[in-house]
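For the protein sequence lines, the chains are H and Y, in the order given.
If you count the first sequence from 1, you need to add 7 to reach the working numbering.
If you count the second sequence from 1, you need to add 7 to reach the working numbering.
Among the hints, a few may not be true.
Computed spacing ranges between beta-carbons, pair by pair [what the hints assert, rightly or not]:
1) Q267/H <-> M163/Y: 50 to 56 Å
2) M163/H <-> I264/Y: 49 to 55 Å
3) M163/Y <-> Y100/H: 17 to 23 Å
4) Q305/H <-> D52/Y: 31 to 37 Å
Subject to a maximum C-alpha distance of 20 Å in a straight line, what follows is the list of computed EDC-like cross-link-like pairs (lysine to aspartate or glutamate) [claimed, not checked]:
5) K48/Y <-> E350/H
6) K53/H <-> E30/Y
7) K94/Y <-> D366/H
8) K53/H <-> E36/Y
9) K48/Y <-> D49/H
10) K364/H <-> E262/Y
11) K394/H <-> E30/Y
12) K256/Y <-> E30/H
13) K53/Y <-> E350/H
14) K48/H <-> D52/Y
15) K42/Y <-> E350/H
16) K364/H <-> D266/Y
17) K19/H <-> D366/H
18) K48/Y <-> D52/H
Derived list of chain Y stretches under chain H, where covered just means 3 residues or more per stretch with a C-beta under 8 Å from a C-beta of chain H [said to hold, decoys possible]:
19) 45 to 52
20) 79 to 92
21) 130 to 141
22) 273 to 286
In case anyone wonders, no lab produced these hints; they're calculated from the structure.
Predicted, not measured: the structure shown is a model, and the values here were computed from it.
C-beta atoms are modelled at their ideal positions from N, C-alpha and C, and glycine is treated no differently.
Number of protein chains: 2
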Amino acid sequence: MNRNLDANHIVKLLKHGTNQPGEVIPLHEPSLTGKEWQYVKDCLDKGWVSSVGEYVNLFEKKLAQYTGARHAIAVVNGTAALHLGLKIVGVEYGDEVLLPALTFVATANAVHYCGAVPHFIDSDMDTLGIDPKKLDDYLKEITVQKNGCSYNKKTMRPIKALIAVHTFGHPADLDSIHTVCNKYHLDLIEDAAEALGSYYKQKHTGNWGKLSVLSFNGNKIITTGGGGAILTNDTGVAEIAKHVSTTAKIRHRWEFIHDQIGYNYRLPNINAALGCAQIEQIDQFINKKRSLAEKYRQLFKNVTGITFFREPAYARSNYWLNTLILDEKYTASRDSLLEATHEQGILTRPVWTLMNKLDMFQNCPHMDLSIAESLEQRMINIPSSSKLGGEDG
Amino acid sequence: MNRNLDANHIVKLLKHGTNQPGEVIPLHEPSLTGKEWQYVKDCLDKGWVSSVGEYVNLFEKKLAQYTGARHAIAVVNGTAALHLGLKIVGVEYGDEVLLPALTFVATANAVHYCGAVPHFIDSDMDTLGIDPKKLDDYLKEITVQKNGCSYNKKTMRPIKALIAVHTFGHPADLDSIHTVCNKYHLDLIEDAAEALGSYYKQKHTGNWGKLSVLSFNGNKIITTGGGGAILTNDTGVAEIAKHVSTTAKIRHRWEFIHDQIGYNYRLPNINAALGCAQIEQIDQFINKKRSLAEKYRQLFKNVTGITFFREPAYARSNYWLNTLILDEKYTASRDSLLEATHEQGILTRPVWTLMNKLDMFQNCPHMDLSIAESLEQRMINIPSSSKLGGEDG
Ligand SMILES: Cc1ncc(COP(=O)(O)O)c(C=O)c1O
Ligand SMILES: Cc1ncc(COP(=O)(O)O)c(C=O)c1O
Chain H
8 MNRNLDANHI
18 VKLLKHGTNQ
28 PGEVIPLHEP
38 SLTGKEWQYV
48 KDCLDKGWVS
58 SVGEYVNLFE
68 KKLAQYTGAR
78 HAIAVVNGTA
88 ALHLGLKIVG
98 VEYGDEVLLP
108 ALTFVATANA
118 VHYCGAVPHF
128 IDSDMDTLGI
138 DPKKLDDYLK
148 EITVQKNGCS
158 YNKKTMRPIK
168 ALIAVHTFGH
178 PADLDSIHTV
188 CNKYHLDLIE
198 DAAEALGSYY
208 KQKHTGNWGK
218 LSVLSFNGNK
228 IITTGGGGAI
238 LTNDTGVAEI
248 AKHVSTTAKI
258 RHRWEFIHDQ
268 IGYNYRLPNI
278 NAALGCAQIE
288 QIDQFINKKR
298 SLAEKYRQLF
308 KNVTGITFFR
318 EPAYARSNYW
328 LNTLILDEKY
338 TASRDSLLEA
348 THEQGILTRP
358 VWTLMNKLDM
368 FQNCPHMDLS
378 IAESLEQRMI
388 NIPSSSKLGG
398 EDG
Chain Y
8 MNRNLDANHI
18 VKLLKHGTNQ
28 PGEVIPLHEP
38 SLTGKEWQYV
48 KDCLDKGWVS
58 SVGEYVNLFE
68 KKLAQYTGAR
78 HAIAVVNGTA
88 ALHLGLKIVG
98 VEYGDEVLLP
108 ALTFVATANA
118 VHYCGAVPHF
128 IDSDMDTLGI
138 DPKKLDDYLK
148 EITVQKNGCS
158 YNKKTMRPIK
168 ALIAVHTFGH
178 PADLDSIHTV
188 CNKYHLDLIE
198 DAAEALGSYY
208 KQKHTGNWGK
218 LSVLSFNGNK
228 IITTGGGGAI
238 LTNDTGVAEI
248 AKHVSTTAKI
258 RHRWEFIHDQ
268 IGYNYRLPNI
278 NAALGCAQIE
288 QIDQFINKKR
298 SLAEKYRQLF
308 KNVTGITFFR
318 EPAYARSNYW
328 LNTLILDEKY
338 TASRDSLLEA
348 THEQGILTRP
358 VWTLMNKLDM
368 FQNCPHMDLS
378 IAESLEQRMI
388 NIPSSSKLGG
398 EDG
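Isolated chain H, as found in the complex:
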């Protein structure tokens, strides 16, 4: 093994970077040091913990303001947002939906919830997102166009939509992906679960798709305990999202009439109260996370065999999860590095197992996945909590 992939040395660098001697260092911890108490106590004092109360509206307004999207609809988590989003763009039983093989399982599960088939595509080494050029070539080969819709030539299923994931907060190449989607009549959904605070060419992610999805799970940049949101610039989409996520009940003083299949995907008021306090701190979280990323970059820049992953040139990323990528020839060191860091209480992790390798998706269609397969073997996420960054980190 190369000296520069000496696990002990890397552990030492990580200890230096995180600077929490003697502590177990989680991969990502929430920071609840703003007005969380104040807002949550207000909910409890007023008895407004569930569907009564103003924090949901307020949180939605703050999310829209921050991201620049016209509308935000708060829901129970990111998975629910994906499911709802796919339903809203019209994904139905027997359709196909394109998405990266390299993603968290929720992205693929949500496609399955609609009775549709996930179709896995490859990633780009420099962005960790979809490779638009490779995708374009692939779709040219495997689709046939009929009545303004792409069909998979082999399965003859309609390919309805594409989900672009902003992996670890790094924006995928949205302009190029958007172009491919237009060419093949695909509705674009951005899975921005990890990308709150990440910008693509000066504009916040989540504004390219017909709609996009955020997550406020405990490990995300801001948290509501559990929560998520749909962002959209289309008022019709926003209205239907709100309606369908609240059991599709029509407005009436007392009658219970629901005009379509609906969901109980509403975020409870108490969780939204947390969210309001959290989003007030996001600039500070991002500053700290970016300074932590810069620290890591410096620490690892002379380590041969390992690259600290940097935001694409077009992007300003939230650096949600900092990522090391091993050189191809050091792939075999991945597990011993994970082992060594865990032994020292540094809770690193590898990337997700590729979706096409999971039992339930192994028969789903996919393109050549050589980049995703390579990344899968070589990525390690390292501790990234905002409190580790900045002067007071």
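Chain Y with the ligands: place on chain H using the hints.
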């Protein structure tokens, strides 16, 4: 109109019963006067708002203890619990599931989420639950048995399960329903969303089905903001419920491997903290609710044309929502009564529109629904918050 259905008189009785002069009186408000703040603050102080922390385990333990079920699995709401429960008993695309036409829309939606078809059955006037005798006769007529499974003769779809709803907290006739389920090889699921604290023949509801479902929505007897649970006495069912509700991720220090389609249905820790504080107060809530019910019963006992609905003889009910039933001949007064009470700030409501009348379910199979149709026209729920009952009410 009969003097005894004089809306003004009924408003007066309700004002007397609720005894909150000058206030708007909601149908059901949470009471957050126990250790809610202490437990929630503990979550915030420790940063344990999401999936880290012990409140979920503790809440599950308390739920199991209180209900006498061997296992409780906390989830994000009652709708999610129903969906998961149906999946677990094996309901699949193209199956049929029996459920009352008289229920909240979530019960029917959950069947649809599985790709299955709701099949609506009639209710019993004295229990507001399924009428087991009428059901038995109906199933004898419309089913054919093959390989230990009932098929709908007309559609040839397998009828897999039956959901028994404990309407407004009043237990359905579980022994008889259970017998019918056995006879026709149906898995029984109890929708006990409204029935925490309700007993059937000395034993807590939720213990007859293969599994059952609770809700902790803001309008329920205890609340977690939003939340629900599966109860079961089957350890295998409990294990799969836990696994599938937490993305079906297999245990591993760092690898992300999911062995089947999973859901993000886990209750966040902060919501479970609320639940722990709430369930500590349940005996007190139920005492107050039962004393409020008794007060209403006395007030309405001499009002001709209206019956205050009382728990079935076999039951001890939580009286979640108190219910007035108009005599058949006063059906036409329902809306003016709703109108008059709302004008006075007393937020009464009618029962749900029958499921078979909603657009999305209007083509679903159903039996004769004459009792449900009659009840639909004649029921009015009246304010039922626990704080309205008891000495300190
Ligand atoms: C890429 C991605 N998509 C979807 C989700 C699902 O979000 P949630 O956990 O809030 O359901 C997550 C986060 O867990 C994620 O990282
Ligand atoms: C009978 C019944 N079933 C299911 C549900 C769904 O529960 P939840 O609102 O927690 O999703 C409710 C409550 O809303 C209900 O009353």
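Consistency of the hints with the structure:
1. Q267/H <-> M163/Y: 50 to 56 Å: This hint is violated: roughly 27 Å between Cβ atoms.
2. M163/H <-> I264/Y: 49 to 55 Å: violated, 32 Å
3. M163/Y <-> Y100/H: 17 to 23 Å: For Y100/H against M163/Y, whose Cβ atoms are near 20 Å apart, the range 17 to 23 Å holds.
4. Q305/H <-> D52/Y: 31 to 37 Å: holds, 34 Å
5. K48/Y <-> E350/H: violated, 32 Å
6. K53/H <-> E30/Y: holds, 15 Å
7. K94/Y <-> D366/H: holds, 18 Å
8. K53/H <-> E36/Y: Holds. K53/H to E36/Y sits at ~11 Å (cutoff 20 Å).
9. K48/Y <-> D49/H: Cα-Cα ~12 Å, so holds.
10. K364/H <-> E262/Y: holds, 13 Å
11. K394/H <-> E30/Y: violated, 47 Å
12. K256/Y <-> E30/H: violated, 27 Å
13. K53/Y <-> E350/H: Status violated; Cα separation ~24 Å.
14. K48/H <-> D52/Y: Holds. K48/H to D52/Y sits at ~13 Å (cutoff 20 Å).
15. K42/Y <-> E350/H: At roughly 38 Å apart (the allowed maximum being 20 Å), E350/H and K42/Y break the hint.
16. K364/H <-> D266/Y: holds, 10 Å
17. K19/H <-> D366/H: Violated - the C-alpha atoms of D366/H and K19/H are around 38 Å apart, more than 20 Å.
18. K48/Y <-> D52/H: holds, 13 Å
19. 45 to 52: As far as the segment 45 to 52 of chain Y goes, the hint holds, because 3 residues have Cβ atoms under 8 Å from chain H.
20. 79 to 92: Result for this restraint: holds, n = 5.
21. 130 to 141: Result for this restraint: violated, n = 0.
22. 273 to 286: holds (count 7)
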